[in-house]
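If you want the building blocks of each chain, they are given just below.
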Amino acid sequence: AQSVTQLDSQVPVFEEAPVELRCNYSSSVSVYLFWYVQYPNQGLQLLLKYLSGSTLVKGINGFEAEFNKSQTSFHLRKPSVHISDTAEYFCAVSATTDKLIFGTGTRLQVFP
Amino acid sequence: EPEVTQTPSHQVTQMGQEVILRCVPISNHLYFYWYRQILGQKVEFLVSFYNNEISEKSEIFDDQFSVERPDGSNFTLKIRSTKLEDSAMYFCASSLGLNNEQFFGPGTRLTVL
Numbered sequence: 011a012q013s014v015t016q017l018d019s020q021v022p023v024f025e026e027a028p029v030e031l032r033c034n035y036s037s038s039v040s041v042y043l044f045w046y047v048q049y050p051n052q053g054l055q056l057l058l059k060y061l062s063g064s065t066l067v068k069g070i071n072g073f074e075a076e077f078n079k080s081q082t083s084f085h086l087r088k089p090s091v092h093i094s095d096t097a098e099y100f101c102a103v104s105a106t107t108d109k110l111i112f113g114t115g116t117r118l119q120v121f122p
Numbered sequence: 034e035p036e037v038t039q040t041p042s043h044q045v046t047q048m049g050q051e052v053i054l055r056c057v058p059i060s061n062h063l064y065f066y067w068y069r070q071i072l073g074q075k076v077e078f079l080v081s082f083y084n085n086e087i088s089e090k091s092e093i094f095d096d097q098f099s100v101e102r103p104d105g106s107n108f109t110l111k112i113r114s115t116k117l118e119d120s121a122m123y124f125c126a127s128s129l130g131l132n133n134e135q136f137f138g139p140g141t142r143l144t145v146l
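If you read the protein sequences in the order shown, they are chains A and B.
Numbers given in my numbering equal positions in the first sequence, counted from 1, plus 10.
Numbers given in my numbering equal positions in the second sequence, counted from 1, plus 33.
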């Protein structure tokens, strides 16, 4: 079975500062990894995904994530955040089937 | 841009009543999913559906739940006799194929009183 841990429930940051949202996973098999974003009153939108190949994955809105197999991590980063990045961010994994297993989410709050 | 839609956005029901949550997946997608998120908790997988049958379901998806694709465009989740603990946000998703991106709808907030 797989599980996902997002250690930070909330991350406050000032505009234009860098941010890292942490995600660790547990699995006995190879996994695919995803980051989704949820803006208020909207559905989940895919930011980026890692299926195979390069461990550094670039996504939409300037976000990127690095797959680290030895540390079983897939942390999300952005070098300079905007107010519009304020949202809930979910890390997710899938393994042999395509059901997504989500973490508890991290609320990113960007202050001016 | 095509999107997944869900209706209603908010459903309030009495305990023991049946509810049907509706979803219209993206038209050329073949795989369909329901997830739910109880307030303050993680998003949980309920069921996946392909080729007019359930391909996988979670422990949450007991006999009170059923899914259907009645007309080739809608994808519904029925809860036969709602319980207080069914109160949650329910998300529908669809994808073109296995391990393709799952596109999520905006969700239906179900409140069971």
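Note that these hints are calculated values from the structure, not bench results.
Note that the structure is predicted; figures quoted are calculated from it, not measured.
Watch out, some of these pointers could steer you wrong.
Stated by the list, open to error - Partial selection, computed: residues in chain A whose CB lies under 10 angstroms from chain B: (1) Val14; (2) Leu17; (3) Ser38; (4) Val39; (5) Tyr42; (6) Gln48; (7) Leu54; (8) Leu61; (9) Gly63; (10) Lys79; (11) His92; (12) Ser94; (13) Thr96; (14) Phe100; (15) Ala102.
Positions of the beta carbon are idealized from the N, C-alpha and C atoms, including for glycine.
(request) Of all the hints given earlier, name the ones this structure violates by number, lowest first. (result) When the structure is compared with the hints, numbers 2, 3, 4, 9, 10, 11, 12, 13 turn out to be violated.
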